Amino acid sequence: MTLSLVVLLPFLGAIAAPLFAQAGRTAIAIASSVPALIALAILFPKWGTLADGGVIVQSLEWLPQLGINLSFRLDGLSLMFALLILVIGLLIILYARYYLKPQENIGKFYALLLCFKGSMLGIVLSSNLLVMMVFWELTSLTSFLLISFWDHKQDARRGARMALAVTGGGGLALLAGILMIGQIVGSYELDDVLAAGDQIKAHALYPYALTLVLLGAFTKSAQFPFHFWLPHAMQAPTPVSAYLHSATMVKAGIFLMARLYPALAGTEQWFFMVSFTGMITLLVGAYVALLKHDLKGLLAHSTVSHLGLITLLLGMGTKLAAVAALFHIINHAIFKASLFMAAGIIDHETGSRDMRQLNGLWHYMPHTATLAMVAAASMAGVPLLNGFLSKEMFFAESLSLNLPGIWAWVPPIVATLAGIFAVAYSARFIHDVFFNGKPRNLPIYPPHEPPRYMKIPVEILVVACILVGLFPAFSVGPLLHAAASATLGGQVPDYGLEVFHGFNLPLMMSVAAFVGGLIMYSQRQRFFDFHARFREMDEKAIFERAITWVVDRANGLTGRLENGSLQRYTMLLMVSALVVAAAPIASLGISIGSNGLTPVDLPTAIAAGILIFSAFATVYVHRERLTALILLSVVGLMVALTFARLSAPDLAMTQLSVEVVTIVLMMLALFYLPPWTPREIPRTRLARDLLIAGVAGIGMTVVTLAMLTSPFSSISDYFLENSKPGGGGTNVVNVILVDFRGFDTLGEITVLAIAALGIFAMLRNRNLQAPPTDGQGHPWAFDAHPTMLKQMSRALLPLALMVSVYIFLRGHNMPGGGFIAGLLTAIALLIQYIASGVHWAQARTKFRYHGVLALGLLFATVAGTGSLLFGYPFLTSTFTYLDWPLVGKFEVASALVFDLGVYLAVVGATLLILVSLGKLTPEGRPLTRTEAREES
Amino acid sequence: MEITFALVIGSLTFSGVYLMLRARTFPVVMGLTMLSYGVNLFLFSSGRLVSGGQPIIGSTDTYADPLPQALVLTAIVIGFAMTAFLVVLSLRAKADTDEDHVDGRDHGERPEDPPGAERLREESN
Chain S
1 MTLSLVVLLP FLGAIAAPLF AQAGRTAIAI ASSVPALIAL AILFPKWGTL ADGGVIVQSL
61 EWLPQLGINL SFRLDGLSLM FALLILVIGL LIILYARYYL KPQENIGKFY ALLLCFKGSM
121 LGIVLSSNLL VMMVFWELTS LTSFLLISFW DHKQDARRGA RMALAVTGGG GLALLAGILM
181 IGQIVGSYEL DDVLAAGDQI KAHALYPYAL TLVLLGAFTK SAQFPFHFWL PHAMQAPTPV
241 SAYLHSATMV KAGIFLMARL YPALAGTEQW FFMVSFTGMI TLLVGAYVAL LKHDLKGLLA
301 HSTVSHLGLI TLLLGMGTKL AAVAALFHII NHAIFKASLF MAAGIIDHET GSRDMRQLNG
361 LWHYMPHTAT LAMVAAASMA GVPLLNGFLS KEMFFAESLS LNLPGIWAWV PPIVATLAGI
421 FAVAYSARFI HDVFFNGKPR NLPIYPPHEP PRYMKIPVEI LVVACILVGL FPAFSVGPLL
481 HAAASATLGG QVPDYGLEVF HGFNLPLMMS VAAFVGGLIM YSQRQRFFDF HARFREMDEK
541 AIFERAITWV VDRANGLTGR LENGSLQRYT MLLMVSALVV AAAPIASLGI SIGSNGLTPV
601 DLPTAIAAGI LIFSAFATVY VHRERLTALI LLSVVGLMVA LTFARLSAPD LAMTQLSVEV
661 VTIVLMMLAL FYLPPWTPRE IPRTRLARDL LIAGVAGIGM TVVTLAMLTS PFSSISDYFL
721 ENSKPGGGGT NVVNVILVDF RGFDTLGEIT VLAIAALGIF AMLRNRNLQA PPTDGQGHPW
781 AFDAHPTMLK QMSRALLPLA LMVSVYIFLR GHNMPGGGFI AGLLTAIALL IQYIASGVHW
841 AQARTKFRYH GVLALGLLFA TVAGTGSLLF GYPFLTSTFT YLDWPLVGKF EVASALVFDL
901 GVYLAVVGAT LLILVSLGKL TPEGRPLTRT EAREES
Chain H
1 MEITFALVIG SLTFSGVYLM LRARTFPVVM GLTMLSYGVN LFLFSSGRLV SGGQPIIGST
61 DTYADPLPQA LVLTAIVIGF AMTAFLVVLS LRAKADTDED HVDGRDHGER PEDPPGAERL
121 REESN
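Residue numbers (full-length UniProt numbering), protein chains in the order written: chain S, 1 to 936; chain H, 1 to 125.
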């Protein structure tokens with residue numbers, strides 16, 4: 001999996017590099033270079049396979065059901081991009097070492113830069129479109145973070161946000177496009193997609209898929225009308241601009257078009273959408289570049305223009321144009337990266353990027369000036385430099401398009417016009433900055449040459465410009481051939497990489513561009529005046545306004561849907577549930593299943609009558625809270641009896657004990673709450689709620705009736721058969737809880753513990769104001785705790801505890817167990833609190849309930865893990881029989897330890913909940929006379 | 001028997017839902033408790049209604065379905081924890097907003113005295 005290593009290495013480096021930040025800029029720069037060097041060493045031996053159009057695919061199954069595999073693919077095209085990313089990345093690391101100031105957060109910078117590098121390599125090396133998509137979004141994110149590296153600057157933050165919004169939005173479109181392609185082809189693997197070109201283009205979804213994919217590519221590669229984010233991204237530190245926003249990231253969109261060229265290109269729609277977008281971008285970028293006074297602004301718009309040029313070439317659809325596009329990708333990356341670095345040096349040494357201030361720098365930094373001038377000349381397309389070669393190819397291609405009639409003239413004229421602008425702004429870059437008088441009001445004066453090593457990356461790139469310009473076939477020929485072969489599916493046309501093609505029309509166009517460009521530059525003031533007549537369009541303000549508008553609308557919509565009324569949400573929830581359930585329940589009607597009805601005996605009927613009556617009565621009197629609470633407890637009691645009647649003794653015992661603690665809890669709460677509920681207005685709401693509740697009640701009745709009378713099959717036979725032989729207990733419910741489904745129980749006591757701790761946290765340091773009188777206007781009683789209750793409860797405590805131990809121990813075979821015993825113990829202790837007061841009880845319980853709770857969870861977990869030691873799965877239990885003198889043969893199950901954990905957790909949680917609440921009381925109410933005496 | 005049981009579930013659901021739709025925290029907590037009675041009984045009854053069939057091996061010939069019982073047992077205990085949480089949440093809301101309305105703010109209802117409160121106050125004085 002060496003290819004995945006290439007992608008992974010920079011991310012690992014991003015983790016490691018910040019560790020070197022303390023050691024200084026040189027150390028971290030060296031550390032950051034390591035991943036790229038290793039990656040190059042991995043890629044180098046593969047060249048032999050790739051040179052002749054070979055493809056290396058390495059795949060790792062990830063989510064095969066979804067067609068997502070971690071597969072990586074190396075061919076000529078991805079190699080070309082990988083080399084650009086790695087080599088220019090290395091130069092940027094060296095350059096940034098001198099560009100950044102020592103006090104800046106260099107660790108963050110290099111980590112982000114490496115993250116970006118890894119994401120970019122991920123895009124170009126991914127063989128699965130969905131995996132590529134992930135890396136695509138990662139570049140948007142890392143780009144966002146890098147643009148806003150100087151996060152104290154508002155412009156940087158805004159620029160970053162704009163870049164993220166535009167490229168991220170495009171990413172969404174791209175995702176949709178990729179999903180469509182995946183649907184058409186039935187696979188997301190590049191091999192399949194590229195082979196299915198005809199199938200995709202014939203499909204009805206092709207126009208949509210293409211539009212969406214192109215939206216992604218155009219936003220990323222700053223094509224008109226999405227180009228505006230790129231100039232604003234220039235708020236980034238210059239190494240970032242040079243790397244992301246000229247050489248690599250903005251080429252990702254172009255890479256995507258080249259990558260999917262065999263699958264998507266070659267149709268009329270492709271031709272019109274891609275070539276027209278490219279043509280407009282080419283012209284707009286070039287025109288605006290000439291007008292910018294900011295050095296980086298000029299370069300940014302020139303980048304937009306060149307990206308448009310490459311897009312236009314890809315859109316033309318001819319094989320030679322595609323080759324020219326690939327060639328220009330390399331050339332543009334080389335000269336533009338060096339120009340950005342030069343601009344950064346100038347900014348670094350003068351403190352300004354404004355070309356109205358920067359003049360005559362030749363005098364102060366001749367070395368840098370020479371380098372910048374060569375690179376700018378390459379940008380203008382001066383012969384013997386690399387920019388000239390691809391531009392000639394572009395001119396030649398613009399002539400060879402077979403468009404009808406007058407349209408045939410459009411591409412060559414646009415191409416020449418763009419050439420004129422390019423020469424003009426390149427001339428401005430050279431003449432305005434390095435000549436044209438003396439510097440004016442420079443923040444740093446006099447400027448001088450930068451540190452020696454800061455120029456090395458620029459020198460390397462400039463040498464590359466010349467090398468490629470002079471010996472194209474020798475220097476980039478093989479790489480270009482491999483890339484073209486990969487892009488065009490192996491059918492590489494004949495093309496000549498010569499410096500001089502003879503006196504032909506493209507050469508004439510070049511000459512025209514030069515003459516025109518120089519004239520245009522000399523007359524630039526007229527252009528500035530002309531342009532000044534138009535109101536400056538501030539894309540950032542428009543963008544911010546648009547974003548604000550969207551956010552306001554979203555807030556408005558949310559506000560309408562969510563008005564903050566919980567009562568309304570509950571109602572909507574209920575109504576939605578009813579709507580969903582309405583149709584099936586209505587179709588059910590009153591249905592009696594094949595099991596038929598059984599007769600009801602009188603006691604059961606009476607009990608049911610009491611239950612139903614109490615339930616309705618609770619509703620009727622609910623505004624008088626204490627009365628309603630008493631009626632509610634009657635309902636709870638009747639529910640417990642129902643369980644007892646219907647063969648569920650364990651449930652009856654649990655319900656009964658839970659009922660006690662619940663009612664005590666609610667009584668405690670009622671102390672702090674108003675004793676009655678005010679009437680609700682409007683009264684219509686009551687009628688509406690009666691209707692909702694009525695429908696819900698009838699629905700549940702119908703469903704229950706249908707369920708109870710239908711036959712069913714249960715998995716419980718297994719539990720019944722294995723409870724005794726497998727679990728060692730005859731109480732099947734308890735064996736299920738502690739053995740068969742012990743994991744569930746462990747989760748449940750954990751929930752219990754979390755709820756208890758949550759309650760404890762909510763009540764900590766919280767003083768609730770108790771009302772001065774009870775609901776009826778009575779002042780609170782100051783009597784001491786009743787003596788009879790006190791004495792009785794103290795005598796009962798050991799008995800109650802003994803009962804709970806008995807219930808606990810017999811639980812495996814008879815109704816009982818940890819849950820019930822825990823609740824009984826809790827109630828026994830709770831009675832002491834009620835009878836003798838919190839002060840008294842707390843002074844005598846020396847342990848904290850948190851500890852009991854934690855101990856319970858620990859016991860349960862340890863009992864479960866114990867089985868792991870013997871090689872059984874988690875929570876496997878075992879049992880054996882012991883002979884205990886006097887008592888007789890006695891069964892011990894390891895599940896008992898687990899049940900002990902349950903017991904402790906229930907005791908701890910219940911008491912923690914109730915005592916946390918009860919403890920507040922002495923603070924909230926006046927002390928009783930006895931307490932007052934004890935206090936004093 | 002089945003009809004009786006279904007009516008019990010229906011009335012518990014009705015009472016629970018109606019109380020849950022109320023505006024003050026305490027009736028809502030009571031409603032939730034009531035609804036959880038209904039839900040527990042309903043889940044329990046998915047093992048059908050069996051008389052005298054407690055799932056204790058050896059105690060009887062036919063056994064009730066033990067699985068819903070085990071599930072409902074833990075549901076009862078967790079239901080208690082959730083009710084407790086809700087109760088304390090409503091107390092906390094009362095402490096923070098000085099208001100026991102579920103929306104955290106009053107919608108214009110005036111607290112009023114219950115019938116006879118005036119008389120009781122006079123008596124106690």
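Be aware that a few hints might be false.
[As the list claims (entries may be wrong)] Here are some chain S residues pointing at chain H (derived, C-beta under 8 angstroms): (1) A202; (2) V600; (3) L602; (4) V634; (5) D689.
Simulated from the structure, these hints should not be mistaken for lab results.
For clarity, every value in this text was computed on a predicted model and none was experimentally measured.
Backbone N, C-alpha and C define an ideal beta-carbon position, used for all residues, glycine too.
Structure-based check of each hint:
no.: 1; hint: A202; in the structure: violated, 54 angstroms
no.: 2; hint: V600; in the structure: holds, 5 angstroms
no.: 3; hint: L602; in the structure: violated, 11 angstroms
no.: 4; hint: V634; in the structure: violated, 11 angstroms
no.: 5; hint: D689; in the structure: holds, 4 angstroms
In this structure, the earlier hints numbered 1, 3 and 4 are contradicted, and the remaining ones agree with it.
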